[in-house]
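Got two chains here, each in a separate frame; can you build the complex from them with the hints?
Respectively, the protein sequence lines represent chains A and B.
Heads up: the first sequence begins at 1 in our numbering, then just goes up one per residue.
Heads up: the second sequence begins at 1001 in our numbering, then just goes up one per residue.
Incorrect hints may have been included.
Said to hold, decoys possible - Dumping the calculated BS3-like pairs for lysine-lysine here, alpha-carbon to alpha-carbon at most 25 Å:
hint	chain 1	residue 1	chain 2	residue 2
1	B	K1067	B	K1111
2	B	K1111	B	K1042
3	A	K24	B	K1042
4	A	K68	A	K24
5	B	K1042	A	K78
6	A	K78	A	K24
Simulated from the structure, these hints should not be mistaken for laboratory data.
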Amino acid sequence: DAGVIQSPRHEVTEMGQEVTLRCKPISGHNSLFWYRQTMMRGLELLIYFNNNVPIDDSGMPEDRFSAKMPNASFSTLKIQPSEPRDSAVYFCASSFSRGGLNEQFFGPGTRLTVL
Amino acid sequence: QKEVEQNSGPLSVPEGAIASLNCTYSDRGSQSFFWYRQYSGKSPELIMFIYSNGDKEDGRFTAQLNKASQYVSLLIRDSQPSDSATYLCAVNMASNTGKLIFGQGTTLQVKP
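Chain B extracted, bound-state conformation (with noise of 0.2 Å):
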């Protein structure tokens, strides 16, 4: 099993409607979690990070934690073609200080 784990997509959804990411990942004891966006040929840009369970919330975009469930998700609300993008999700395990372990990504593709 690998430790953080996400549907590679794509992900096609019209243009204003809900996108839903979702990620889950293997250490029971992770601290925190990152979302990060990263268009064809960029680098990663961090978007959103959660630490406790529940709903962060950051314009059009919500972070979801369930840490009972080693899952974690974001909600991109209003879809825009600009959100397409493949998104990382990354963990920051608990036997680890600084050390980031990311998914695969997920590529996510708004229809006008």
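Chain A on its own, in the form it takes in the complex (with noise of 0.2 Å):
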């Protein structure tokens, strides 16, 4: 079976630039979450989806940052514009919610960097 997947798993752009990450999550799965990595701040959730609808985008940094998810087997978050202090690696991972078990599965990561 194949895992979560994301593209680009790298991505350098210069600042004010729009970026696009992609994911593709587990099939069957019914939840997404977007993820940012970094060494200050660790894993912080961004966003995430339950049957393609956003449910909580409270750790959104700001509204540069837009997520969406047009249907069960993709989605995107995009950056625009983008900022140095973007820089960060981004994980999409996907789960089957079911009650108070819900193991996510994560993708290999985006690492951006912004010039």
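In structure tokens:
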């Protein structure tokens, strides 16, 4: 079985440019999560979807960040305009949520560098 | 107080010893608890979950949960250098159905 797929794996861009990160969750999973990880702040939840609907976006740092999930097999995280402080590893994770058991499986991540 | 707390370490143990990793959480109603392992430059990998008080064993790994004291631990028996990684504790809070709160992680170093 394919795990969570993310693209691109690495992205280097200049400040002010638009960045789009992509994620394909594990087939059959109904929840999708976007995280950001830095040395200083650790692993932070940005937003999560349940059945393609955004449930909690309280972790989205500001309006420059937006996320969509048009269908059960695809999600995007967009940063526009990007800033150097957005440099981090962005992970997508998915799970099949059922009551209190919600094992999340992570994709390989996208390492974003904003110059 | 952070919702999920771990000692950042590093925790250093000799090869063959038992490594004990601890995690405390603030929400008494939390339902399920997860341990992830993350190698440097890689993504977190789920290694165990537990939702009932007591111990759960899987090979060299044992997760222990004490809801009254609000802590969960991970024991690694016969530690190997390949166990050297950062271990993340994650908690499914009672108020959320799918959201996990992660601790900062404990770095484990197993020395040959």
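For a quick check of understanding: which of the numbered hints are violated here, in increasing order? 1
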